[in-house]
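Here is how the chains run, residue by residue.
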Amino acid sequence: MRWELLTTLWPYLRRYRGRLALGLGILLLNTAVLVSIPYIIDLAINDLGGGISGAKLLKYCALLMAAVSARAVLNYLQRLILITVSRRLEFDLRNDLLAKLETMSGGFFQQYRTGDLMARSVNDLSAVRNMLGPGIMYSAQAVVLFAYVLAILWRLDPRLTLIAFVPAPIVTLAVQWFGKRIHERFERIQSMFSSLATRVEENLSGLRLVRAYAREAQEEAKFERLNREYVQRNLRLVLLSGAFQPLLQFLLGVAYVLVLWFGGRAVLEHRITLGGYAAFNLYMAQMAFPMIAMGYVINLVQRGAASWARLQELLQQTPQIADGPATDPSVTALAGEIEFRHLNFDYDGIAVLRDLNLHIPAGRTLALVGPTGAGKSTLVGLIPRLLEAAPGMVLVDGRPIREIPLDVLRQNIGWVPQETFLFSDTLGANIAFGRPEADEAEVREPAERAGLSLDVADFPEGYATRVGERGLTLSGGQKQRTALARALLRNPRILILDDALASVDTLTEERILEGLEQARRGRTTLLISHRISTVRSADQIAVLQDGHITEAGTHAELIGRGGTYAALYEKQLLEEELAQVE
Amino acid sequence: MPQEEESLGKAVDGRLVRRLLGYLRPYRWTVVAATVAAALQSATQVVGPYLNKVVIDRYLFPTPAGRGSLLAGILPHNALRGVTELGVIYLSVLVVGFVLDFGQTYAMQWVGQYTMYDLRREVFHHLQRLPISFFDRNPAGRLVTRVTNDVETLNDTISTALVALFDDMFVLVMIIAIMIRFNWRLSLITLGVVPLIFLATHFFRTAVRESYRRIRIYVAQINVFLQEHITGMAVVQAFNRERRALAEFHDINREHLHAWISAVFAYAVYYPAVEFLSILAVTLILWFGGLRVMHGELTIGIVFAFIQYAQRFFRPIQDLSDKYNTLQSAMASSERIFRLLDTPVDATAAPEGAAEAGAAPAAAPGRIEFDHVWFAYKGEDWILRDVSFAAEPGESVAIVGHTGAGKTTMISLLLRFYDVQKGRILLDGVDLRAWDVHALRRRFGIVLQDPYLSTGTIADNVRMDDDRMPAEVVREAERQANLTDFLATLPLGDATPLRERGSGLSTGQKQLVNFARALAARPSILILDEATASVDTDTELKIREALERMLAGRTSILIAHRLSTVQRADQILVMHKGVLRERGTHQELLRQQGIYWRLYRLQYKDQEARPGGARKLEAVREPAPS
Ligand SMILES: Nc1ncnc2c1ncn2[C@@H]1O[C@H](COP(=O)(O)OP(=O)(O)OP(=O)(O)O)[C@@H](O)[C@H]1O
Ligand SMILES: Nc1ncnc2c1ncn2[C@@H]1O[C@H](COP(=O)(O)OP(=O)(O)OP(=O)(O)O)[C@@H](O)[C@H]1O
Ligand SMILES: [Mg+2]
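Chains as they are written, first to last, in my numbering: chain Z, 1 to 582; chain H, 583 to 1208.
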């Protein structure tokens, strides 16, 4: 497990290998100096026993001060270098994590919830950083110190050293046994932490509904269950980690006692000097630190390793939708012709689109109608490759969509999603989302076209109005039109309006459609709507039903054919007539 | 806008500490026990060097000065036996120490965990009662941090720092006592270094405090950024914002890194400084103690023990300053948590537990009245101006108007998400502000404009976690919302688990589930805010039939942009820029030839293409506008 940990971390560590090596080198020196301090004290005490001159004592004191000064400098450098490296690693990892998330598509975000991903990129990451910073520093220090002390003890008295090390095998066993279990239990804690964060996140995002239905108590009950479970899992870990550290201390104490027994006897029997015994004790005292550090480090490392596994799970995801060997980098512009050829698409085995064929010439407008859940949004989601069909089923400009660099493809598409998502930024920044360098005038133009400018005129702060999380402080129609303006600002070759006017009143819709009439000229437009009034003027209208296109043609043609579309038209008309007759 | 993260966080703020300690009250005896255990455990730690001294001075290198000791009375004269017995004493002390240490750690962690549990519960509970307007201003990413990370930070303080603090103090006092007993002169020398350490600590504190403040700000920003970009990732991708978003994230992250690096720097200076001072003390002891030994005024054993104690003496001091930092971030976290807890809850929030009791009978008629209502989200920026109307029990009221006219706002007021500034709203003749808010809200079944689904099954979403709702009611609501056919295509039917925000359903399907939820609640008042905007015509017609049956005897308010949906309402309200401009039935409003009439003409100009339709429209149009 340790080895795997190292190999997966290496790509990150190697960026700082120079600094790490330097830091570890300093650590080595630093530890040597650390060990020299009791050595000096020991010499001094020994000489004190045998009578000493003032000058010699002064020399020892000076030596001590020199050693500790050196140590101060080295200690400073060591901390600065090693801990800073761990912070940099955290920085790199966090950036890489977001970069990875940015390459993932829908399925992934359904599997991993927002709260979970946040917990991983904040909490787990800090556990990993602790493993890399203090973890590496203290463990290296402990190992080096341990080796030094061992060597010195051995030179002082091999027999006593062996005796002092009688508890060592138990320590090794304990470390193994505890380590493994701490790892498992911590993993369970972290996943519970994720659930807790997810629960809160979900509660906050559904807040209005919870309030409207007076379901606060139920929400609290759900939270309560997780909260309790989280505590239980933590306590299960504490049971172990709470015993581990004291156990190590205890075993060290046992070594002391052994030295006291056997060493004391040896002094009495004049096999070693009192000075030798005292020195042995002093160096043994130096073991306290590595022992404590070991307990601490094992904890850190096991936690870090558990968290690292959780991060790895994300970092090792392969993007489902990305440029690949089929990509042709010479494509830099698009005309906007779209074709679906024998398209099949399913979600986790549930077929949504079956053998669908549809062709939209560049610059034309296609309107898509069809019952709820027919697959309209799915179909248009394939064009900016937010969803991915099997190769060869979707073609843009006559070539398989996978040949077009993803960047170029999306750059040429203006997508107005069915469910609006805005960022908690200003209105202007939201409109300019696809082209951040756009100036105020450039923002105004599409806002005008999307029928938003009148609303903005009423806002005291105009385009600088902050829209709140998800656009919370805008009305439904304002949000939708902001999304429309955002798409229009890109001046895309392909415009996708997925039921983009559903929350807009008729008058405004009419105005927008007029505006779009010009905007549509020369660009391929896909228009999804349930309202005949919205789609009727399209160049072509297609009915999506049962997974494929059942009819296609102009408004007049379809009415003439007397199929589903005509029936829809009848129904929408009939309603009004009924109302008038009443 | 100043953010909470910016508060500097005093190291130890008495008010905060007292309040935090209040959370320990239920566990106070455990804390006391743990503290005592910790003190005893520290005592066992001090025993080691002491026993060593006794061994040396009494048996190994006997000097007259070293004879006197606490154990003198019970120790044998035989050196070998003495050493063995001291070893046994030491061993038993170790065992006791181990038990105490474990007991203390577990007890305090237990207390820490349960305090956190209480605190998390309280924060979550409080979040359920804060006014909606609070959430307009505070992003979810930050609030999640309050419940999770901020509380977690306190854990360290409670479960380790608190006891360690006592413990360290205790060790210090003990060591000082022993040292003074041994030799007061050498003790003074050792203690002489302490002011220097205080000085170093002072500089260190000032340096890290600022770094920590910056760290907190950036951690919050990282959270908010992540939360938003993860939820909106599809938009980020579709608009090629990946690189720019990453660059923005880099910037926040870099600030966070730099804030940390300056903290690391402070640590890197501070720790070595403390160590330096502690060895300085050792050197002084060696020097002065050595001189005394040369003059035969001191035993080597005492010098030796002093050196060992001096080193132990500085460990708690160093610990204390380390704890100090834990303490400081705990103070900052608790300040933020308490500030959240101190945010006044919804005036509306029911007095605890009164909700059920105060509920008016569900059969109450459901008369709604807006009486000269004025409302603004901010200041004097009126969204509703002097709106008055009444919906009689059983009546259906439709609200139409341009987007942004204030329709949704009227619903929010009716649900008491916000309070009106002027005028009043009455339900069954009682001012909303006099209603118990839960009882009030239970009167309504509502479909909000943004459909929302949570994780759980479809059925859970329909019954909205009301376990008492019978399965037939759920099934019936699904049927009325025309969901049955769709559910039949799912292998698990309405037991299909949904993912976050209901992803996995089409938008129309989500609306239908939301619709079913409103119906299943069997409310006396039904509110539909664009409930079927994304639903196809066929389904909408079917739903409408079901709805008509449902609505018999119920008051209802519906907002729709498709006029076909509202024509049958008993009363249509036409809102325009926050003002109620027209009011009446469909036919009355057409006759008025105002806004409604214009909207209507626009929507149905289609019909002119059809002979029959055109004729009828003509008929309506008859009194031609001048
Ligand atoms: N992410 C998903 N995972 C699994 N199934 C999905 C997912 N998204 C949609 N579906 C299912 O696929 C079908 C088509 O959904 P889609 O959103 O394309 O419908 P739509 O035609 O746009 O409907 P609407 O008119 O309601 O917007 C639906 O039955 C839906 O339940
Ligand atoms: N939480 C809020 N904070 C501040 N302003 C808000 C908030 N919610 C809405 N507004 C503003 O209040 C006005 C009315 O919004 P409301 O949602 O009531 O409109 P609406 O009539 O429902 O529109 P639509 O038909 O588009 O849904 C809008 O200008 C909107 O920007
Ligand atoms: Mg859709």
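These are calculated hints, taken from the structure and not from any lab test.
A couple of the hints might just be wrong.
Said to hold, decoys possible - Which chain Z residues face chain H? A few, computed with CB under 7 Å, are given here:
#, residue
1, S121
2, R233
3, L235
4, F423
5, T426
6, A429
C-beta: ideal position from N, C-alpha, C; glycine also.
A quick look at each hint next to the structure:
no.: 1; hint: S121; verdict: 6 Å, holds
no.: 2; hint: R233; verdict: 10 Å, violated
no.: 3; hint: L235; verdict: 6 Å, holds
no.: 4; hint: F423; verdict: 6 Å, holds
no.: 5; hint: T426; verdict: 14 Å, violated
no.: 6; hint: A429; verdict: 11 Å, violated
Violated hints for the displayed structure, listed by number in ascending order: 2, 5, 6.
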